[in-house]
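Chains A and B, in that order, are what the protein sequence lines are. In this text, residue positions in the first sequence follow this note's numbering: the first is 1, and each later residue adds one. In this text, residue positions in the second sequence follow this note's numbering: the first is 1, and each later residue adds one.
Any given hint could be a false lead.
Derived DSBU-like pairs: lysine-lysine, alpha-carbon spacing no greater than 30 Å straight-line [claimed, not checked]:
#, chain 1, residue 1, chain 2, residue 2
1, B, Lys37, A, Lys71
2, B, Lys50, A, Lys71
3, A, Lys71, B, Lys290
4, B, Lys290, B, Lys50
5, B, Lys187, B, Lys306
6, B, Lys290, B, Lys397
Don't read these hints as lab results, they were simulated from the structure. No experiment lies behind these values; they were computed from the predicted model shown.
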Amino acid sequence: MSATEARAFGIDIGSTTTKAVAVDDGGDVIGRFLEPTSPFVEDQTGRALAVLRADCGGADSPVGATGYGRKRVPAATRVVTEITCHARGAFHLAERPGVLVDFGGQDTKVIVIGDRGEVVDFRMNDKCAAGTGRFLEVILGRLQVGLDDAPALVEQASHAATVSSTCTVFAESEVISLVAQGEAVADIVLGLHRSLASRVAALAGRLTDHREVLMSGGVALNRAMADALAGALERPITVLPEPQLVGALGAALAVLPVQGRP
Amino acid sequence: MITRRLQYELAGQVTGPILMALENYRLQRRRRKHAPKDHPFGPPIACSRKMKDLMSIYYYQGRWADGAVPVAWISSGFPVELMRPFGFYAVYPENHGALCAARHMMPDLAAVAEEAGYSQDLCAYARTDIGSVLSGKTPLGRMPRPDLVAACSNICQTVLYWFRTIADHFGVPFFILDTPYVYGDFKDHHLDFVADQLEELAVVARDVSGRHVSDEELDRVNRTAKEGARLWGECLDVSRHRPAPWTAFDQFFHMAPVVTLRGTEDCNAYYRELLDELNDRVARGIGGIKEERHRLLWDNIAIWPKLRELSWLFASNGFNFVTATYTNSWRESVPLWDLDDRVGSSAKMLSNTLLNRDLRNRFRLMRELISDFGADGVVLHSDRSCKPYSVGQYDLKEAFTRELGVKVAVIEADHADPRQYAAEQVENRLQAFMESFQ
Numbered sequence: 001m002s003a004t005e006a007r008a009f010g011i012d013i014g015s016t017t018t019k020a021v022a023v024d025d026g027g028d029v030i031g032r033f034l035e036p037t038s039p040f041v042e043d044q045t046g047r048a049l050a051v052l053r054a055d056c057g058g059a060d061s062p063v064g065a066t067g068y069g070r071k072r073v074p075a076a077t078r079v080v081t082e083i084t085c086h087a088r089g090a091f092h093l094a095e096r097p098g099v100l101v102d103f104g105g106q107d108t109k110v111i112v113i114g115d116r117g118e119v120v121d122f123r124m125n126d127k128c129a130a131g132t133g134r135f136l137e138v139i140l141g142r143l144q145v146g147l148d149d150a151p152a153l154v155e156q157a158s159h160a161a162t163v164s165s166t167c168t169v170f171a172e173s174e175v176i177s178l179v180a181q182g183e184a185v186a187d188i189v190l191g192l193h194r195s196l197a198s199r200v201a202a203l204a205g206r207l208t209d210h211r212e213v214l215m216s217g218g219v220a221l222n223r224a225m226a227d228a229l230a231g232a233l234e235r236p237i238t239v240l241p242e243p244q245l246v247g248a249l250g251a252a253l254a255v256l257p258v259q260g261r262p
Numbered sequence: 001m002i003t004r005r006l007q008y009e010l011a012g013q014v015t016g017p018i019l020m021a022l023e024n025y026r027l028q029r030r031r032r033k034h035a036p037k038d039h040p041f042g043p044p045i046a047c048s049r050k051m052k053d054l055m056s057i058y059y060y061q062g063r064w065a066d067g068a069v070p071v072a073w074i075s076s077g078f079p080v081e082l083m084r085p086f087g088f089y090a091v092y093p094e095n096h097g098a099l100c101a102a103r104h105m106m107p108d109l110a111a112v113a114e115e116a117g118y119s120q121d122l123c124a125y126a127r128t129d130i131g132s133v134l135s136g137k138t139p140l141g142r143m144p145r146p147d148l149v150a151a152c153s154n155i156c157q158t159v160l161y162w163f164r165t166i167a168d169h170f171g172v173p174f175f176i177l178d179t180p181y182v183y184g185d186f187k188d189h190h191l192d193f194v195a196d197q198l199e200e201l202a203v204v205a206r207d208v209s210g211r212h213v214s215d216e217e218l219d220r221v222n223r224t225a226k227e228g229a230r231l232w233g234e235c236l237d238v239s240r241h242r243p244a245p246w247t248a249f250d251q252f253f254h255m256a257p258v259v260t261l262r263g264t265e266d267c268n269a270y271y272r273e274l275l276d277e278l279n280d281r282v283a284r285g286i287g288g289i290k291e292e293r294h295r296l297l298w299d300n301i302a303i304w305p306k307l308r309e310l311s312w313l314f315a316s317n318g319f320n321f322v323t324a325t326y327t328n329s330w331r332e333s334v335p336l337w338d339l340d341d342r343v344g345s346s347a348k349m350l351s352n353t354l355l356n357r358d359l360r361n362r363f364r365l366m367r368e369l370i371s372d373f374g375a376d377g378v379v380l381h382s383d384r385s386c387k388p389y390s391v392g393q394y395d396l397k398e399a400f401t402r403e404l405g406v407k408v409a410v411i412e413a414d415h416a417d418p419r420q421y422a423a424e425q426v427e428n429r430l431q432a433f434m435e436s437f438q
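The following block holds chain A by itself, in its conformation from the complex (with noise of 0.2 Å):
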């Protein structure tokens, strides 16, 4: 059992993994779930809200909801989008404004964060999942190389291939066309950081003009898409810490109990 007790529930359901974190009266996260996204959205958050009272209490805390299965949480007090949510959670942890560049599984978003913590615009991909995790994870995976491991490989490149499809179907063919032609497997992992890294920067357009990058999302995990997006970007990235956990974190902060207002 935590020290300190929930006063609130932030719920993220991802398209790829469903995130939940309970916070303090300060805002802080005091627990944390994790799970690949179940198709029985319903069971799974009542579990995780069943896991993250057991651990830290707050039988009666607020929940608040995001992510694209954030309307199957019978739970939830309120339900807001993960675009506010991760302006909120990031404004948090960052303590100001900027650009969060949030690097999800099946979608990326640019949004830009004001003084209070509010979206002033946002961009995300539209219909296809060519600038997200999903196209490096299918990718590696057609290349047999592991999530954990592609940061290590990319440090052993000495080029990076060119992959210029902008389509995920199309660049696993090119890919294994690089295979064919001799090309190491770690030029090519390099080769994908950095495709992927400038179709977010395509997407981010002028919106990270001066103003500070911040990053979030699973992805930002992986060191070396942060260091691509930051060459892609020409400027350097501040990956905010637990970047998974600021979407579900943010939807904690919508529903948090303000002092002197219940």
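Model the placement of chain B on the given structure of chain A, informed by the hints.
Below, chain B alone, put in the same frame as chain A:
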């Protein structure tokens, strides 16, 4: 010919109205049985039934139009008021495409066109209509065969190829009215070029219809048409009040007469009645939605297959579309409409459509709408089917955000093809947009 004409007149004057009365009686009984569920909208606009009757009888009568009166299939930007005096029954393939989309018939009809080799990248209206022509299937029961097909390039270039395909299919003459694109101000030689074509149109209309029409008759219909467009504009302007008595989603339906029946007394009588009702709603503080917290501008053609879902989404969050560039299109040229210069002012009006002028003009117009209607946000529908309407929207977004400080969302969809609509992504984006107002 006489029998056919009799059938046509009976459909318009007797059987059509009787069928509509029966349908209304059936609907009333059904409504009594099924009490309305809780919804976020204001009371329904009473005139709507009359508009549906007007349009349904018009479409119903169309089943017997060919052989009875001359029939022209024309594009939405074509000057129907210059055809009407010749007795033409006008069919609008674009309206037909919208109707098919709203009735969820589009994918099946488009599949017929796609199987015949028309690309999925073509405008969904074009694919729907071509599919309908090839298969003979239509929600109208039957479309009258054209004697003339006519398109104006003032809305897009696709109409030229799409309508030519229809003309070739039926083996009838095809008239192109070419309006050069306007960069900056109008150019005299462009307007002369359009005016020359309008003179030629009068000759073609006379030859196809076999009817000689006096200048007085042409002027009379032209006057009626201008009055219709003016009344439509007045109806739109009522939404400057808070709360706006109707929504742009309502307007998408109520615009049918000004597009199709422009130049008829029926059209004008309808808009007079609608205007009275809207003014009455303003006087009684009745809004288009129950709780209008924010006011928005809609840009581009309606997303017909998802109109209901989208109107619920916005209304239930307190957002009302109080104005739209699309519905505004049928009133924007009224100030240019000079009744003493029918041909010259028509040339200018036809060239003045939103999609025939540059982005600077569009920005100016939208800025005026935002200011006049007190909109605090804009939704730009990036329409996969309508490239001329969608090009430049990201520049508009930047300009509105930077210069006017209004919030702007872009959604990617299609005016008719539901296969190009990713419901979850669109709704997610719009929810986030609405949350940003909190």
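Agreement of B:Lys187 and B:Lys306 with the hint, judged by alpha carbon distance not exceeding 30 Å: Answer violated: B:Lys187 to B:Lys306 is near 40 Å, above 30 Å.
Quickly compare the C-alpha distance for B:Lys290 and B:Lys397 to 30 Å and report which way the hint goes. Since the Cα atoms of B:Lys290 and B:Lys397 sit roughly 29 Å apart, the hinted pair holds (cutoff 30 Å).
Holds or violated: B:Lys290 to B:Lys50, with C-alpha atoms at most 30 Å apart: 23 Å, holds
Given the hinted pair A:Lys71 and B:Lys290, is their alpha-carbon gap at most 30 Å? 24 Å, holds
Starting from B:Lys50, check that the Cα of A:Lys71 is at most 30 Å away, please. Status violated; Cα separation ~39 Å.
Pair hint B:Lys37 and A:Lys71, alpha-carbon separation not exceeding 30 Å: 21 Å, holds
Of the numbered hints listed earlier, those contradicted by the structure are 2 and 5.
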